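Visitor: One letter stands for each residue in the lines below.
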Amino acid sequence: MKRLGLIGISNIVMALWTVAIWCFFQFWYPYHFFFQEQNQIFLCSWDYISTYFEKSGGLARLIGDFLTQFYYYLYVGAIILISCLLLIGTLLYKALRNFKVSKAVALILTLAMMTSVAVCHFSTSYRLSSTISIVGWGLLLWLVSLLPCWKKQLAVLALTILPVYLLFGLPEVKKLQGPDLILEKDFAVDCEYYFGNHDEVIHLVESSSQRTDQMIFFYNLVQAQRGELPDHLMKFTPNILGTFYKIGPETPMLTIRNMNELYWALGDMTFTERAAMMTNVFSHDNRNVRMIRRLAECNIVSGDTLAAEKYLRILDKTLIYKRWADNVRLYGKDIYQKKMQMVNRRDTITITDNAHFLMMQLLDTNSDNIVALDYILCSTLLLKDITNFKRDYDRYCIETGKPRLKTLYQEALCIWLAGTDASQEDWEKYIQRTEVFQRFQQYNQQRGSIQFKDTYWYYFDKIKAPEI
Amino acid sequence: MRKLFVYIVFLGLIVSCTPIPENVQHSNEQPPIYPDYCDVTIPENIAPLNFLLRADCEAIEVKAGILTLNTCGNEAVFDIDEWKALMQQSRDKEIEVTVTALINGTWKQYKPIKWQVVSDKVDPYLTYRLIEPDYEIWNNVQIQQRCVENFDVNALGHYEQLENRCMNCHTFANQNPQLSMMYVRGPGGGAILNRHGQLSKLDIPGSVYFGFSPSGRYITYSTQKIIPAFHSMPAKRLEVYDAESNVYVADIQKHRVISLPLLADSLKFETFPTFSPDGKYIYYCAADSVSLPSKIRNLQYRLVRIPFDESSGTIGTHVDTLLSPDSCLQTPRKSSVCHPRISPDGRYLLYTVADYGTFPIWHPEADLQLMDLQTGAIDTLAVVNSGKSDTYHSWSSNSRWFVFASKRDDGLYGKPYFCYIDKEGKAHKPFCLPQEHPTFYDNNLKSFNAPELGKGKVPFDVNDVAKAMKQEAISFK
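Note that the protein sequences, when read in sequence, are chains P and W.
The first sequence runs 1 to 468 under our numbering.
The second sequence runs 1001 to 1477 under our numbering.
Read the hints as simulated data drawn from the structure, not as lab findings.
Since this is a predicted model, take the numbers as computed values, not measurements.
Even for Gly, the Cβ is constructed at its ideal location relative to N, Cα and C.
It is possible that part of the hints are untrue.
[To be verified] To spell it out: a stretch of chain W is covered by chain P in this simulated footprint if at least three of its residues, at any positions, have a beta carbon under 8 Å from a beta carbon of chain P; those stretches are: (1) 1235-1243; (2) 1400-1412; (3) 1441-1452.
[Unchecked claim] Using 16 Å as the maximum straight-line C-alpha spacing, the simulated EDC-like pairs for lysine to aspartate or glutamate come out as follows: (4) W/LYS1295 <-> P/ASP347; (5) W/LYS1093 <-> W/ASP1422; (6) P/LYS402 <-> P/ASP364; (7) W/LYS1114 <-> W/ASP1092; (8) W/LYS1236 <-> P/ASP304; (9) W/LYS1446 <-> P/ASP421; (10) P/LYS429 <-> P/ASP394; (11) W/LYS1236 <-> P/ASP347; (12) W/LYS1423 <-> W/ASP1379; (13) P/LYS322 <-> W/ASP1056; (14) P/LYS462 <-> P/ASP364; (15) W/LYS1457 <-> W/GLU1149; (16) P/LYS317 <-> W/ASP1056; (17) W/LYS1388 <-> P/ASP304; (18) P/LYS317 <-> W/GLU1075; (19) P/LYS402 <-> P/ASP392; (20) W/LYS1457 <-> W/ASP1036; (21) P/LYS464 <-> P/ASP385; (22) W/LYS1111 <-> W/ASP1039; (23) W/LYS1423 <-> W/ASP1372; (24) P/LYS339 <-> P/ASP368; (25) P/LYS246 <-> P/GLU467.
I would like the entire structure built from these sequences, with the hints used as guidance.
Guide: What follows is the structure, encoded as structure tokens:
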């Protein structure tokens, strides 16, 4: 009874510790699982699976990547992780006990091991396959511990160490680090955007006390697609639109992926495809399911069905995205009908990925592209480049007969009109919202006053423009 | 290890289900097989043409001459020994291949296809670079050598050993594996010259495209300032052009560079140099410079040649034009010539034509053409070309085969295709490099870039390249 009780206590402690780890990963760190899932792809194809066995540790990588695909589902990531931890803990504890290590020491060592492995999962570059590798070695340790004498144990160890190495490899050793909760917030916004939960993106960003560039980037991306970017541009400073980034060899993968989302929202399929391919280049095994989906999408939008089919065939071999691929194959043209109208139909050649130039090309093709229009106007306003703002506003709002009477633009136009001593006729032509004009007059009497913090005039006078 | 795993899996599958056709319905359609091996000409030394049927089928039966293959699913994977026997037996004969598939419970037999087996062998080794099709940024680049007689692959350059550097252009002298060169880029990089397995690092300034002279003493190469550009129309994707390009000759024995103002004219672009097999000429492409990128559609290269004397290492002074953009290509529009390559017997000149520019890899209209150097006749190779880019070719040492990179399947990922030129100079329908597993190309996300044929396996490996990289580079005067 006493013995059972002690074993029970060990089990209970391990179980409670596992539940604590689960709670942390499930409630404070879930988006790291989504990030892992999106940045790999697992294909149910023997050709693909056989590549796992080109190097040692093939089985561990195979199981790890296979299980990682299920991180797509809510709760599953944390459940898989704690299942592995529990397995490691059980095997280690039992092995230590078989080696006659005292219960207390065995329990302490087991908990330390489980915690170390859990801590490794704080890092985005640590893969589940490493944990599976530890499970493999734990299994060997337990099997050896079952043998009665040290000679047999040594003999079995000598015989099995190579096969275990070939199957499970060596686990990756990570420098222990604390959880990156800022990055978790970035992933949260990114994933909610990817899942199409745009309201949640707004909520996450607005309710956060500490906003990162990534969070503001996605906030703007959501607002732009709602046609409300100019209404919210002055909300956060410094602001990040993403339009000043350029992709190069040193650009972080997350930035390239963000650029992919921006280009897709703008409707530039050339650069959407380029950013998607580059994200793949820097992903695990040079594959990234989120970008494979995007490549299929952007080729459907640009009408390249052969290229789209290439990626849909890959997705057909996944357990999670097969249905998505079937759906896109059947109804892609309907699903992306609106996006297809945004695509550039004129061919020009540029040596730069200057977003301003790209957006001008898109607007020259389709002046109804409100996302591109707001991004181009807001970008020049962030730079306080009133001259180019006015040029673009004239080109895409006045000459097309579609004035965009957003407060932000009216405020910026006031600056241009005042700065150029414009005629009454011009003021009447551009400023069609009397409340803006009245407020501009008030601002001029209290220039720089904090009560005008929400206006572009305040930004123009008081806030430093981003350096590019 | 990998092979063992595949064999175990396939054995399991074969044993578990091998349905045999019954109540077969005959169809007039060609089987939708991938890669497209319908009615192709193949060398007797090629690896098994494993393929898959693009149909939702439960099982297939393939009859190819003496071989009968029954398998579950849609993949036909031949036993390599049985395949070799079939090839030996079918030398210079035609094999009729019948594909019968079990689709929705009914066996459907497709119209038989033919494989013409020729005794003219293709060079057994193919080297290529594996890289994502967007060549601007790389990660995990490899240069591999594949034996086309089986499925063995070895790496000549591997990112793990070479600090994830960019590598490109592995070229043989006369398809001879004992003399070859490749580039490893980046700080401390250089041209890695292989002479009978002895590797040395050469610092040949700015060298990009190159070719060996017949004796192997000289290389002719071009230097270019390469600019990547982007088309706003998504279907056209990428454009790459040279802001400057010149042609030189390097003496790799005396480590000196031979230049001539005629080949380094600042008002012209000179590129893609290659020696004729007798070493008497350097063939290359040249264009008058235009304002770039705005006038790129006006940038058409012509095919020219200049004499070269291998005994003295001197370049001639008169440039002959063989093909000009608007005179010789049998198309109403102007065309730009790229990548001239002469067959080792000196009879044919194979080159690529595109509407403009110097980077046909991203030009869907890029096609191969074949010029008979004896008669001047041009074959537009209709049976070889596709609606997507067909370019970057290399000859087999017997001049009966060439390999080229084609994007015909998806417009994005280049794959090596082999084409047979018979004794009458007639081109036959090309076939794609067979893979051990037929779904390989479907799953693959890298382009087979710059495929080159060689007569044998190179006498070095990636570790030797890594060691050579640590050497001091031999500079050229």
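Visitor: P/LYS317 and W/GLU1075 were given as a pair; does the straight-line alpha-carbon distance stay at or below 16 Å?
Guide: holds, 15 Å
Visitor: Does the alpha-carbon distance linking P/LYS402 and P/ASP364 stay inside the 16 Å limit?
Guide: Distance of about 14 Å is within 16 Å: holds.
Visitor: Taking beta carbons only, do three or more residues of the segment 1400-1412 of chain W come closer than 8 Å to chain P?
Guide: With 4 residues in contact (Cβ-Cβ under 8 Å with chain P), the coverage given for the segment 1400-1412 of chain W holds.
Visitor: Taken at face value, is the distance from the CA of W/ASP1039 to the CA of W/LYS1111 at most 16 Å?
Guide: holds, 11 Å
Visitor: Does the alpha-carbon distance linking W/LYS1423 and W/ASP1379 stay inside the 16 Å limit?
Guide: holds, 15 Å
Visitor: What's the verdict on W/LYS1423 and W/ASP1372, does the C-alpha distance respect the 16 Å limit or exceed it?
Guide: Roughly 12 Å between the alpha carbons, so the hint for W/LYS1423 and W/ASP1372 holds.
Visitor: So if I understand the rule, the pair passes when the alpha-carbon distance is 16 Å or less; does W/LYS1388 with P/ASP304 pass?
Guide: holds, 12 Å
Visitor: Given the hint that W/LYS1446 pairs with P/ASP421, does the C-alpha gap stay at or below 16 Å?
Guide: violated, 59 Å
Visitor: When you check the alpha-carbon spacing of W/LYS1457 and W/ASP1036, does it fall within 16 Å?
Guide: Given that 16 Å is the threshold and the Cα spacing comes to 28 Å, the pair is violated.
Visitor: Hint check: W/LYS1295 vs P/ASP347, CA-CA at most 16 Å. Holds or violated?
Guide: Holds, at roughly 13 Å.
Visitor: With the threshold set at 16 Å, check whether the alpha-carbon distance from P/LYS339 to P/ASP368 stays at or below it.
Guide: Distance of about 12 Å is within 16 Å: holds.
Visitor: Within a Cα-Cα threshold of 16 Å, do W/LYS1236 and P/ASP304 meet the stated pairing?
Guide: holds, 10 Å
Checked against the numbered hints given earlier, the structure breaks hints 9, 14, 20 and satisfies all the rest.
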